[in-house]
Every structure is written in C-alpha cells, then in structure tokens.
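Trainee: Take a look at the letters that make up each chain.
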Amino acid sequence: MKKFLNLLVKEIKELITLQLLISLLFTIFLFYFIGQMAKSEIKKAMRTQKIAVLNLDDSPFSRELIGNLRTANFRVEIAKDKDKEKAIEWTKGTDMNLLLVIPEGFGQSLETLDLKEIESYTFLRSFSIVGSKNTAILNAVISAINNYLSNDFLKKKIPDISPEQVKKPIKSKDFVIVKNRMAEGSAEKIAGFVSSQSIFVPVILMMIIIYSSQMVISAIAMEKQNKTLETLLTVPISRTSIVAAKMFASGLVGLISAVIYMLGFRYYMGGFMGDVSAAAASSGMGSVIQKLGLALTANSYVILGVSLFFAILCALALATILGVLAEDYRSAQSLIMPLIFLVMIPYLLSFFSDINTISLPAKILVWAIPFSHPFLTTQNLLLENYQAVIGGILYMIVFFIIMIIIAARIFSTDKVLTMKLKFRRKRLVL
Amino acid sequence: MNAVLEVDGLKKFYGNLEALKGISFQVQPGEIFALIGPNGAGKTTALRIVATLLSPSDGKVSFLGFDLKKQPEKFREKISYLPEEAGAYKNLKGIEYLKFMANFYANSDKEVEEFISRAKSIADLGNRLNEKAGTYSKGMVRKLLLARALMTKPDLAILDEPTSGLDVINALEVREIIKRFAEEGISVLLSSHNMLEIEFLSDRVALIDKGRILDAGTPEELKRKYQAKNLEEVFRRALQ
Chain V
14 MKKFLNLLVK
24 EIKELITLQL
34 LISLLFTIFL
44 FYFIGQMAKS
54 EIKKAMRTQK
64 IAVLNLDDSP
74 FSRELIGNLR
84 TANFRVEIAK
94 DKDKEKAIEW
104 TKGTDMNLLL
114 VIPEGFGQSL
124 ETLDLKEIES
134 YTFLRSFSIV
144 GSKNTAILNA
154 VISAINNYLS
164 NDFLKKKIPD
174 ISPEQVKKPI
184 KSKDFVIVKN
194 RMAEGSAEKI
204 AGFVSSQSIF
214 VPVILMMIII
224 YSSQMVISAI
234 AMEKQNKTLE
244 TLLTVPISRT
254 SIVAAKMFAS
264 GLVGLISAVI
274 YMLGFRYYMG
284 GFMGDVSAAA
294 ASSGMGSVIQ
304 KLGLALTANS
314 YVILGVSLFF
324 AILCALALAT
334 ILGVLAEDYR
344 SAQSLIMPLI
354 FLVMIPYLLS
364 FFSDINTISL
374 PAKILVWAIP
384 FSHPFLTTQN
394 LLLENYQAVI
404 GGILYMIVFF
414 IIMIIIAARI
424 FSTDKVLTMK
434 LKFRRKRLVL
Chain A
3 MNAVLEVDGL
13 KKFYGNLEAL
23 KGISFQVQPG
33 EIFALIGPNG
43 AGKTTALRIV
53 ATLLSPSDGK
63 VSFLGFDLKK
73 QPEKFREKIS
83 YLPEEAGAYK
93 NLKGIEYLKF
103 MANFYANSDK
113 EVEEFISRAK
123 SIADLGNRLN
133 EKAGTYSKGM
143 VRKLLLARAL
153 MTKPDLAILD
163 EPTSGLDVIN
173 ALEVREIIKR
183 FAEEGISVLL
193 SSHNMLEIEF
203 LSDRVALIDK
213 GRILDAGTPE
223 ELKRKYQAKN
233 LEEVFRRALQ
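Going down the list, the sequences are from chains V and A.
Numbering-wise, my numbering comes out as the position in the first sequence, counting from 1, plus 13.
Numbering-wise, my numbering comes out as the position in the second sequence, counting from 1, plus 2.
No lab work stands behind these hints, which were simulated from the structure alone.
None of the values given here were measured: they were computed from a predicted structure.
One thing to keep in mind: the hints can contain errors.
[Claimed, not checked] Calculated pairs, BS3-like style, for lysine-lysine (alpha carbon to alpha carbon, straight line, at most 27 Å):
| no. | chain 1 | residue 1 | chain 2 | residue 2 |
| --- | --- | --- | --- | --- |
| 1 | A | 23 | V | 63 |
| 2 | V | 192 | V | 180 |
| 3 | A | 140 | V | 15 |
| 4 | A | 71 | A | 92 |
| 5 | V | 26 | A | 140 |
| 6 | A | 112 | V | 26 |
| 7 | A | 92 | V | 26 |
| 8 | A | 134 | V | 15 |
| 9 | A | 112 | V | 192 |
| 10 | V | 376 | V | 192 |
| 11 | A | 181 | V | 105 |
| 12 | A | 225 | V | 240 |
| 13 | V | 26 | V | 16 |
| 14 | V | 240 | A | 71 |
| 15 | V | 16 | V | 52 |
| 16 | A | 231 | V | 240 |
| 17 | A | 112 | A | 140 |
| 18 | V | 15 | A | 155 |
| 19 | A | 13 | V | 26 |
| 20 | A | 140 | V | 240 |
| 21 | V | 428 | A | 92 |
| 22 | V | 16 | A | 181 |
| 23 | A | 122 | A | 181 |
| 24 | V | 202 | A | 13 |
| 25 | V | 15 | V | 26 |
| 26 | A | 13 | V | 16 |
| 27 | V | 26 | A | 212 |
| 28 | V | 16 | V | 428 |
[Said to hold, decoys possible] Non-contacting residues of chain A with respect to chain V, defined by C-beta distances greater than 12 Å in every case (computed):
| no. | residue |
| --- | --- |
| 29 | 66 |
| 30 | 76 |
| 31 | 182 |
| 32 | 201 |
Don't be surprised by glycine CBs; every beta carbon is placed ideally from N, CA and C.
For reference, chain A alone in the conformation it holds in the complex:
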C-alpha cells in the first residue's frame, strides 16, 4: 500500500539550533501515526512542517505524491491541522466559525452544508453552536476545533496534542472521535507526550527525543522489543 505521507531525512534549524536532525517516517492510509516524546523533542516542529507552516531546512516531505517544497498549496487542500492549545475566533459564533472554515474547502453551498452537518455531529455542542466561541469552555473549544479539522474528511489530519489541557471526560470524547474517523479512512498524524493516550489511539508510534527518532513500530511491537508493560517504560528504556 502507498503511504499517504512520506518524511525522509527531515532537518530543521532555528538559527544554530538543530531542532530536527534528519527524521524519517511514513503514514499509511487510515493509520493513526503518533510522534511521542518529551517537551522540546521536536514533535511540534515536525507537525508544523508537514502542515506547511514551517519550511524544512533539509530532507523531503511528500504527501500523496506532492512535494512539500514545490506544491505546498496541494498539501493545504487535503490536510487539516489542529495546533496545540489553539483557540477559535471569540467574536464568531461556533456555527459561523465552522461555516467560515468550510467555505475554504467546499466547492458548493451543498458541500458547505454537508461539512457543517458533519461538524455538528462531531462537536456535539447542540445550541451552544449559536453562541460566540468566546463564551465556550476549553473543552468545548477543543471539540469545535476538532470538528473543524475533521468535517472535511481530509486525507491527513495533523493533530498536535489533541487532548492537551482537557479534563478526563472531554479527553476521552476527543480520543473516541479521532479513533472513529480513522476507522472511516482518515489518516492521522498526531503528537502527544501522554503515552497512555498514544497507546490507546495509535496504530504506530515513533519515539522522538532531541530531534531524533529513537525507534518506531506498533505499541505492541515496541513493548515486546523493550520488554515493557507500557509505552512509558518503552520510552524510558529507549532513552538508555
């Protein structure tokens, strides 16, 4: 099967600081692929590059055969990105925000309605969608943004710490939504430092630290390889 996303020898420098030191990985269709690692490991940088926000210093990123450096606009048509702890426009109602975002992707009014209808069912915010996003709780904003990210059924959803700052109930709901959409065929590239969450969500995992991928595989493979009970132990042992 052809990979949706191929990252090969990706490097990123911020001045003299080498944030990514030549990482490589692939994401298959319908797969949830996770980058896990501590703060400052380079997860967000990798996700921002794939999301076309940052340009790579070296290496190759291709998505559905398109090259990131040459055709970033092709990426933008088929991906959706959820930044860590992002907010929504406070003066727009939830429904207005969804419509605003849907208009960038839809080819007709009918498609806009289709996207919004899907988003409504993902966000599950009921009548609160008719209120301004500035009045929402953190959990509600996160669900609204996740709904925005998934409503277009992108070929690749890039989710940076999707449950960061959420309470247990909201985090569980968000994980369920991601899992459900992956089952429907959406590929997901996500990052988290919550190892238990990753273990629950991911099909494959890459352990990243100080800009390098230490190891990659399914959670079961990694646990077997490092003779660990969970991914936290895997990560600790991979670092040794």
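Only chain V is shown next, with the shape it has when bound in the complex:
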C-alpha cells in the first residue's frame, strides 16, 4: 500500500502542473466573463425598448394602439416626417431597432373589419439571439392588440355572448401521466423543464470522460517517450498497481478539473437561464413536477453518481489501453479520437433523439457503448425504469473489469513496450 501511495502521489504531482492550474483559472474567468456579458445583454434587451412609430392614420384607434405599446413598456418616438422612406432613414440614424408604420385609414378599416396592414421594420444590427428579441416582443404586443380589438368588435356585434366563447368554442384541459401519477399541465412545458434540470448531466459526463482520458493517454505516452516507463516497470511494484495509480490519479484530477469547468459553465449558463429553481417557482411548475415524481431525489443523485463513476472508470481503462498504443506524446493526441466518438454518439443522441425509439440494431450499438448508460440514467430514474439503470451499471462494471484485465495483461507483457500504432515509418530498437 505504501508503494502504491508513493506512486499515486507521483502521478498526481505529474498531472497537476502550473499550466493546468492557469488553464483552469483562465477557463473559470472566461466562462464567468461571457456569462456576465450575456446577463447584461439580456437585461438590456428586457428593459424599456425604444421604438419608432410613423403614424399615417392619426385616428383614435391608432392613438390607442400607441398607448398600448407604451403600456407594454415600449418608449415610443413618433416620426415627424410623414414619408415612409424618410422615416426609415431617420430611424436608421438613431439607436432604435424598430420602426412601426401605421397606414392611413387604419382606424376606419377597423370599423369594417377590412383591416390594413401595420408594417414593422427591424434594423438587424447584430446576429445575437438577444438582437432578435425586439421582434418577438413586438409580435406579442400586436397579438395583444388583436385580441383587444377582436373582443371589442365581438362585444358590439354579439353582446349576449362572451367574445371568448366565440373565439374558442372548444375548451381544453391538458393532463400529463407519468407511470401511475397524473397532474394537470402541458407535456411540452414539463418535458422542457425536466430536460433543463438534467441538461448538465451529459455535459459534465462528457467533459470528465474526455478530460481524464486525455490525461491518462498523455501520461502513458509521455512515460513511453521519456522512457521513464521502462524504469518504472523494473521497480519492485506490481504492474496492476502501476496501471491503477495512473487511472486513479487521472480520474481524481479529471474530476476536480471537471468540477471547476462546470462551475465556470454554470456561471456561463446562469447568464442565459437563471436559476432553475427560480424558473420552476415562477412558472408554477414545481408542484406539477413534484406531483408527477419528476424531481430527482437524493437517492437518485447517488445512483446517478454511481453511474457516472463507473462510466469514468470504463473511460480510464480504455484510455490506458489506448495510451499503450501511443508511440509518443504527439501520437497520443490522435488516439483520444476513438474515445471521443464513443462519448459523442450517446451525447448527441441524448440531445437530439430518443434512444428508446431508435431501431433495434442501433439500440444495441448504443447500449454496447458503456457511456450511453449514464446519459440514460436520469431519464430512467425519473421514469422509474430501475432495471435499466441497474442493468446499465452492471454492464459498465463488467466492461470495466474486462478492460482492466486487458490493460493489466498488456502491462505485464512485452506489449506495453512493443505494441504501438505506427504513425511514421516502422522502427524497431534492438
């Protein structure tokens, strides 16, 4: 044990370099900075917006519309020149991004319901998501005005019936059923909320796996390149301990790095999404989620953690074998690619598709990849598919044991020195 700890401390010292610490600090700073920028941009977009209006109608109806815009938190600047082209030019010269043109006879057209079109001109000065927010808000305002005007019209024409009854003769009430639990709510909103809750899981997993694997592959490749591995293999310690120390140290440093990365990522995402619990509270989703049992419990998090842990171990065992194939540090960088693909397949599938609905051969392929299981764990836990969760964990344990046996065997034979993927001309040292 003392010898193993000696080796482990060395491995950790070798991995935690000044470059690594600087890169981690820089990442946190970068994520934080971008997150804060995004936050301030969104705040800017949400506060009172200035819009230009060219009122060619000037009827009580058009004045009411402008009043509605002011109520909807828009600061309205009226174009003095009654020419559309000149109004567009005038708006272009200001910091306003929207020009609304109310046509002549707009008010009168409302009386006959022979409606004239309101034209809106958006000045696209950037391609950011926030940049297009003005149009969305404007559309919402126009929709509200439409609602108000149509209600007003219906009240006058059919005073005995509520406008809502005319506009929506069929009423609907949405219910969602999960297993044997039922709650009133929109399936789309609930699915959206649950996925926003677990969006971090695949990101964390992918980052930890890639980061730790890169470390273990590079560490073995560096040892081979510097021939320190040759020295290490001749000291009185078991080859399994050498493999285990490398994996353990890389896993530990990978985990710490991933946590730091995720902290940075949280700052970044916080800028866009805000706090999840706050979102749940504001949307009244919390009680529905609780009722449907779609909130992860403490036990669920433990199971998810176990699943993540075994996925990391599988990745490290695979990385150890790939590291042995590396001839030097440079070639090690290419060898991480197969592992990245294996992580990317379930990662992308979990975002863009439902693994349960794909064809059987594709499903078997996805299940055969050990990293698929933690991606599916959150969903399976929420849907109480415990057999699938336990099956996935058992599969990863078996996969890890097989890989570690292969890795230890490779380290116990000549292959640790002779097995390599050649990226250059073949050379054999005799």
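Here the structure of chain V is known, so what remains is to put chain A in place on it, guided by the hints.
Mentor: Chain A only, in chain V's frame:
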C-alpha cells in the same frame, strides 16, 4: 565463485524477426560485463530481458538462483536498470525523484534517507536537486538517473549506453562513478557501441552482432587473440 547472472541460450523473436539467436554469458560478483556491438545487434533486447521488461522466447536467465520466467519480482528487488537516453519526470524536483524511487526499495524511512544521501553524492548536483528535473541539462539528467540506479547498491546494475549523448567531461564522470561502484561490489551489465569506453570500464566483454555473441573475454585476452591494438580492431577482425 557463483555467477550473479547466468544467461543460457537466450532467444528473442519480434514476430518473424529473430533479434537474439541463443546467446549465453555470465556476470560474476563485482564484475563489469559489457555487451558491445553495432546498432541493432541485440544489446538493448538482451538488457531489457534481464531487466524483466521483455520476456525471453527461449533460453534461461537466472539471477542469484532465481529464474526470470518464474520469479521476475525477485529480479526487480535486486536489480536496477538505466535505459538508454531515458529522462526523469519533468515536474518532479531531482530530490523528489530520488525519494520517489528510493521508496520502492527501502524498508524504513532511515533507509530512504541513506539511499538519498548516497544518490546526492553520486549525482553531485548540489542545490540543483531542489529544482525540477525539466530544467536539467542532458548530462545532469543522466547523472541523476545513474545516482538513482546505484543508490540502492543493487546486486546487478543494468546500464544501457550509460554515456550516450553526453559530452566528454560528463561521460568521464559517469564512467568514474560506474567504476567506483563496481569496486564496492556491485555487478554491472552494460552495453555500448563505444569500444574505447568499454575498454576503460569493463572486466569482461562479449562481442555481439546480429543477435549472436561472436566472442567473449577480457579486453586484454581479446586483443591478444585477435592481435589488435584496441577493441575496435578486435570487433572488426571478429566479424571477418
């Protein structure tokens, strides 16, 4: 006197390539035994097998009575191996590297200190031992590694091209260190293609080419046998 190391009919195949074609030699206690030959002769393969890095395809290697195939861990306890052009861990300080290696061999903290103290005197790197090995020159790294290899006073030190890539002064210092430790009783098995170095260092020499030992003996015996002025001439004539 019983030999420390006995190699008998050692063969090694890399796929279809026969790198060693049944070589045999012995190393006596306190003896410096050298394998000399051109690049690709099989020197490194032979040393790597004795160092337990590679497994023999055929033949027998025994060390202090232990069989390599059956008890490689016994070899590892009592040998130390210095690979050709090896490096040290760049992020470890020289002193940390020595302590790290000493911990594998020592039975107590006192013994660790004893090993480190010996290594310090071999390496002669002074305060530079408190700096990271990544900042060392090639000569300094080689001296650090040699100190590591000899600090435990192994029964057999296996040194592959110990002065490879070193300047004249550093090479001389390294040779002196090896000679001094052999005099203290450490057996040394080394390889080199520098015939003059071997002549200065070795008690006995085996000439190896294309996986076969052409001849073996003390440098004087070989020079007499081949009527040569030095080992370079001996090797040339042995090849004819």
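Trainee: Which hint numbers doesn't this structure obey?
Mentor: 1, 2, 3, 4, 9, 11, 12, 15, 16, 17, 19, 22, 24, 26, 27, 30
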